[in-house]
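Each chain, letter by letter, is given below.
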Amino acid sequence: NAGVTQTPKFQVLKTGQSMTLQCAQDMNHEYMSWYRQDPGMGLRLIHYSVGAGITDQGEVPNGYNVSRSTTEDFPLRLLSAAPSQTSVYFCATRSGLTNSPLHFGNGTRLTVT
Amino acid sequence: LAKTTQPISMDSYEGQEVNITCSHNNIATNDYITWYQQFPSQGPRFIIQGYKTKVTNEVASLFIPADRKSSTLSLPRVSLSDTAVYYCLVGVAGNNRKLIWGLGTSLAVNP
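Listed in order, the protein sequences are those of chains P and W. With this note's numbering, the residue at position 31 of the first sequence is 31, and numbering never jumps. With this note's numbering, the residue at position 52 of the second sequence is 165, and numbering never jumps.
Possibly wrong hints are sitting among the right ones.
[To be verified] Below, a sample of chain P positions facing chain W; criterion: calculated Cβ distance under 8 Å:
#	residue
1	L43
2	A52
3	I54
4	G63
5	Y64
6	F90
7	N99
8	P101
9	G105
10	N106
[Said to hold, decoys possible] Counterexamples of contact, computed for chain W against chain P with all Cβ distances above 12 Å:
#	residue
11	P120
12	D124
13	T134
14	R158
15	A179
To be clear, the hints were calculated from the coordinates, so they are not data collected in a lab. Just so you know, these numbers come straight off a predicted model, no measurement behind them. The C-beta atom is built at its ideal place from N, Cα and C for all residues, glycine as well.
Bound-form chain W, shown alone (with noise of 0.2 Å):
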């Protein structure tokens, strides 16, 4: 089972743009990468997903590198709102039993 090491927390401010790095070692070759980010009192919401080089959406982006031993969510110019919990998961999405959740990185968006 692939597992997941991440920053426990990160501070940050309004407009900076904030990378959090995810390392997984023992990713399998058909194992996706997911990022979820968790409001309090929320159930975690899906933001972005990748299996290598760098995917971008209207949120985020993801950059993987060649090994794919990690993997960096992206987040540009943060606010307030961003504020939250955000969990990198590896695994193949069609088997969520094999998903493992770590405790995820806690950001703070200061004013």
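Okay, chain P solo, but in the shape it has when bound (with noise of 0.2 Å):
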């Protein structure tokens, strides 16, 4: 039971290149969404997905795309990477239940150049 699963781990861009954040999850969670946390900062949100076909937006949803095609994948999107989208990226999913909790991936750090 691997939980939330992030890839890559780790990522490079260089200004204006596209990149695909993948995130994976095995508990059959209906929410979905993608937090950015920058130093100083608190954790923001950038788009959830509350069920497979269905998106929204967060709080800092510009220079961002989502798609929810299956229960399991959140894929996040940046299709001209800069500087200010450097970065460490989180995925947290969880279940429909009144206040459950959020669950986390262990992030993706993007360093945009």
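Make the complex out of the two chains shown on their own, each in a separate frame, by following the hints.
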């Protein structure tokens, strides 16, 4: 039972390049989300999904795209990376039960030069 | 949106009990209080959640006074492995869009 798996663990991009951060979960959780964590700031919600085929924007969605074609996967796409997107990205899931806690992956550390 | 205030950092020694207090003056009626722990290079991990009075699990206790404007996470007999950042969040867990993550409390446990 792996829980929430994020790949890659580290990535370096040049400005303007694109990439996809992968998030996979084996807990059959309906809710999946992406956060970024920057020094001196709390975790900020980028996008989230309450089920396959449904996505919505969080607090800082600009520059990121998501899709949810299956319950298990929720990839985060950067279409044209910018230095401001240098951050640690976390995927988090939770079940549909009331007040269920978030389960986080171990993050992807992204550097954009 | 319910905002929380926690100490930026705390120091303790192995074997001591550590209490981290979180202030949340504008907590709403439906809000729950949830604490997470984060180690370096890892995602946050759920510790405990409560609505009122006291909640205890195998890891920690959570004390919530009647007015719910604050809460205290209690870690009994800490060890070096409890060195981490602890986050207090207030909100309706079913609405993560409205959960505000602060900077947390960085706890250092010394030998």
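Original post:
So which of the earlier hints does this model not fit?
Top reply: 2, 3, 4, 5 and 14
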